[in-house]
Amino acid sequence: MGRWLVGRTLQALGTLLIVLLLLFILMRLAPGDPLSRLSDDQPLSAAEIASLRARYGLDRPIAAQLASFVGGLARGDLGASIEYGRPVSSLLAERLPATLLLGGAVLLLNFTVGIWLGVRQAVGRGAWADRWLTMLSLAGYATPSFWLGLVLAWLVGVRWRLLPAAGMHDPLLDPDAGLLTRSGDVLRHLVLPALTLSVVSIAGTMRHQRSSMIEALRLPYIVTARAKGLSEAAVTWRHAWRNAVFPVLTLFGLWLPVLVTGSVFVESVFAWPGLGSLAARAVGYRDYPLLMGTSLLVAVLVVLGSLLTDLAYAVLDPRVRLS
Amino acid sequence: MTRVLQVENLRVSFPDGAGHRFHPVDGVSFELRKGETLALVGESGCGKSLTSLALLRLVPPPGRVDAGSVIRLGDTDVLSLTGEALRRIRGRRIGMIFQDPMTSLNPVFTVGDQIAEGVRAHFKVSRAEARDRALRLLQEVGIPDPDSRLDAYPHQLSGGMRQRVMIAIALSAEPEILVADEPTTALDVTVQAQILEVLEALRRSRGMAVLLITHDLGIVAGRADRVAVMYAGQIVEEAPTGELFAHPSHPYTQGLFASVPRISGPVQRLTPIGGSVPPANAWPSGCRFRPRCPKAFDKSELPPELLAVGADHRMRCWLADPT
Amino acid sequence: MTAIWDSLGRAWRTTRGRAGAVVLLAVAAASVLGPFALPDPLAQPNILGGAILPPSLGHPFGTDELSRDVLARVVSGGRVSLTVALLAVGLSVTLGALVGLVAGYFGGAVDAALMRLVDGALAVPRLFLLLLLLAVSERVPLAVLVLLIGTTGWFATSRLVRGEILRLREESYVWAAAALGANRRRIILRHLLPNAMGPLLVAATLGVGDVILLEAGLSFLGLGVQPPAPSWGGMIMDARQVLVTAPWVGIFPGLAITITVLSANLFGDALRDAVDPRGA
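Residue numbers (numbering that gives the first Met the number 0), protein chains in the order written: chain X, 0 to 322; chain Y, 0 to 322; chain E, 0 to 279.
Just so you know, these hints were derived from the structure itself, not from any lab.
It should be emphasised that the depicted structure is a prediction, and the values quoted were computed from it without experimental measurement.
Worth double-checking, as some hints may not be accurate.
[As the list claims (entries may be wrong)] FRET-style restraints, in silico, Cβ to Cβ:
hint	chain 1	residue 1	chain 2	residue 2	range
1	E	162	X	16	44 to 54 Å
2	Y	102	X	107	28 to 38 Å
3	X	112	E	21	48 to 58 Å
4	E	107	X	103	52 to 62 Å
5	Y	102	E	14	32 to 42 Å
6	E	9	X	182	50 to 60 Å
7	Y	60	X	16	49 to 59 Å
8	Y	144	X	107	12 to 22 Å
9	Y	18	E	14	46 to 56 Å
10	Y	187	X	125	49 to 59 Å
[Unchecked claim] Short, incomplete list of chain X residues facing chain Y, as computed with Cβ under 8 Å:
hint	residue
11	158
12	228
13	316
14	318
[Unchecked claim] Computed footprint of chain E on chain X; a stretch qualifies when at least three of its residues, placed anywhere within it, have a C-beta under 8 Å from a C-beta of chain E:
hint	segment
15	11–22
16	178–187
17	256–266
18	273–282
19	295–307
Glycine is no exception: its CB is placed at the ideal position from the N, C-alpha and C atoms.
Model the full assembly from the supplied sequences, consistent with the hints where possible.
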């Protein structure tokens, strides 16, 4: 398996290289001039524009730009944000944890609620609950996350005043408050954005878990398990689910791009200080270096996530592990 | 000899998609005595596998055992059991072996785990004790080097060894009856004989009754005490093995014997039975073998009952009472 | 091609397939015919001092912050969204089929190179690709928007088609055709392509829902369809300011999106089951 791991990692690295190339090409292909936006707010003289061009290296030939781009990356330098005026890398580092927290919460909800519902649906296949859950999940899948976020923010946050609907911290919270209080505060702020983002992903998880579970329950070793006198719970979870979870695991890798996309909208709606809202802001300010840096980081996360799920699959399935 | 299993008028039905139900098993009756082997012989489509599944109430939905059927294990009425009580007879009083050991074993658990699981489902023993018993069972079924095999996964074993593991699993809760559904069909010819030897040895040492289900007349000779031939959901002939082989009386049985190639004796043409097995949702009226029977006559239009043709030898054919 | 009609018919005969198709056709019909029956969505009777009216008989969806009839705008926005979706998906599916066909049929280095490119492209979420392409420019005309969305959506389809081609290449009737002397073009056009059409159609139908959501999201961020042309996403963006006092302004466009995407997905699902040779 070691050999497979090395090969798979190399493949991931290769993909990242192509991503780099792709992003760079996109940058140059994009219609319009990155610096034009700057001069919207305050008119710049020709000399100032020229010096900005030089600063961002936009006046050099393409090949040279690519070389310095890659070179900078190797050093961990992603350029400077046009809007914030600070290094992109530090901005990304600042905002990454919030997105990871949100993503983590969503994955947790997926892995518990999503999987459990999917299994229940499969076991009670065709029943009233199964059909309603299917409809619900299809509807959830079709709902735009930014709209759902707004509706929830309005209903739960404003009308019913149950939970906070903006930001990650309560600005009025005592700065000396204990860790528990501060964590509780963050958690309360986490609920609505996590719920919104989960709706779409849980819909997908439920569907896939349901169908892979139905497949698994049809297999002959399930009959063997029952014939042994095992309880239904043992048959469902120990035998069927242990096999049905694999397809769902591999799909987590595919879900990452969806989650990341959704986070752009959800973080914006709820003012959650993560990478998604950063990207949305960068768009508004035409902050190209920041947008590039964010896209790159997102691609890294996606590739890494895909690698990890493949690894998890290999570790959990003895047929792969021992070959 | 004591009767350990009594089956009377067993009928299994399935919905036919048009609101009605058809009966792949249509009034099967037999009994199993302690220490004896009964072979249930028939081609695919005759209902023999469903019969065996019905014994443990494992008929897959939407199929079900119809009212009026009787399955009695000693004093216990199997068809009236539910939940925990049903679970307690599965594996503990009747053990089952299935046809294809590759798909009948869970690929993600070790062989030892799956055997020990069977033990712990019915006996309150520690994991270590269960593992011990699993080891002893592996020895009993003749697996070489059982220590190392305990932690092997099904895909790491050969077909013959996997089937031995299935036997070990079936025996893990020390049942008094063993049902073997086509135990050798998926195996190479050389391995088939070995598996049958193992079954025979276990039967003798444990004093179990065995229900051997097969389409292969060849493995019946010398291994079964009695034989019941099934066709179109019914038993069409039953007799002690020697008697059946010496005097096959039902035209279907005679046809089966005539279509089996023999190594010894004069070289003859094989005479297959003309026509094909009727589908379960369209049993012919009257005698179900009539469309294919070379000896059909006018009385064949009536459904025949089991009539005596000799000592302890009955057949479902009007030729025994042509008037 | 009759196989496609068969699949469509089979999908139509299922409950969800029919429900999805009916609603989708209704939305399409409304967006085509609506502007004739409803007030002009761009008309602003009262820019200043106009009331934001809640839903009533005169305005079933109410009016928005510029006193425009919300129903008219939703219907009009639907026209834009559906057009963009259909055109963009058409482009994606065509590109994907082309690339997939080339990769699957010619194999070797061509296949490897193309698929590595696809791997890389799939690692960056489509939204980010579009953000990068759209962020820098001033307002893009609708045609450019369609082009950009279309060219970022062919990656998964190409993998799908390639997979189908690889599978079909091994089918005996392709061998038979080659043995009978059929040339490459004939094999591709007559044998490989028609059989890959089924999964392509499914991908296209499901893709329509994806693009509607994507375009709405872009409009919500200010990057998609530019005002004053109405778009569902743009309406929701504008509605943010009056969300607390006039929630209907934002709710109805969102409902429109959900219902349209849901019906596209329902039909696509039914179609997928109908196309799958293994049966539902």
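Status of each hint after checking the structure:
1. Range check, residue 162 of chain E to residue 16 of chain X: Cβ separation about 24 Å, and the 44 to 54 Å hint is violated.
2. Checked against the hint of 28 to 38 Å, the C-beta distance between residue 102 of chain Y and residue 107 of chain X comes to roughly 34 Å, which is consistent with it.
3. For residue 112 of chain X and residue 21 of chain E, the Cβ-Cβ distance of about 32 Å falls outside the hinted range of 48 to 58 Å, so the restraint is violated.
4. Checked against the given bound of 52 to 62 Å, the beta carbons of residue 107 of chain E and residue 103 of chain X, roughly 42 Å apart, lie outside it.
5. The beta-carbon spacing between residue 102 of chain Y and residue 14 of chain E, approximately 34 Å, falls within the hinted interval of 32 to 42 Å.
6. Separation of residue 9 of chain E from residue 182 of chain X is about 54 Å and conforms to the stated range, judged on CB atoms against 50 to 60 Å.
7. One distance hint, 49 to 59 Å for the beta-carbon pair residue 60 of chain Y and residue 16 of chain X, holds here, with the actual separation near 53 Å.
8. Between residue 144 of chain Y and residue 107 of chain X the beta carbon distance is about 44 Å. The supplied range of 12 to 22 Å is therefore violated.
9. With their beta carbons about 19 Å apart, residue 18 of chain Y and residue 14 of chain E fall outside the hinted range of 46 to 56 Å.
10. Take residue 187 of chain Y and residue 125 of chain X: their Cβ atoms lie about 41 Å apart, and the range 49 to 59 Å is violated.
11. Interface restraint check: residue 158 of chain X against chain Y, minimum CB-CB distance 47 Å, threshold 8 Å, status violated.
12. Interface restraint check: residue 228 of chain X against chain Y, minimum CB-CB distance 4 Å, threshold 8 Å, status holds.
13. Because the smallest distance between the Cβ of residue 316 of chain X and any Cβ of chain Y comes to about 7 Å, under 8 Å, the interface hint for this residue holds.
14. Given hint, residue 318 of chain X at the interface with chain Y, holds; its Cβ is 5 Å from that chain's nearest Cβ, closer than 8 Å.
15. Against chain E, the segment 11–22 of chain X contributes 9 residues with a C-beta closer than 8 Å to a partner C-beta. That satisfies the three-residue criterion, and the hint holds.
16. Counting residues of the segment 178–187 of chain X whose CB lies closer than 8 Å to any CB of chain E gives 0, which falls below the minimum of 3, so the coverage claim is violated.
17. For the segment 256–266 of chain X, the proposed coverage by chain E is satisfied: 6 residues have a C-beta within less than 8 Å of a C-beta in that chain, meeting the threshold of three.
18. Evaluation of the coverage hint for the segment 273–282 of chain X: fulfilled, as 4 residues show C-beta separations to chain E shorter than 8 Å, against a requirement of three.
19. By the rule of at least three residues with a Cβ nearer than 8 Å to a Cβ of chain E, the coverage given for the segment 295–307 of chain X holds, with 5 such residues.
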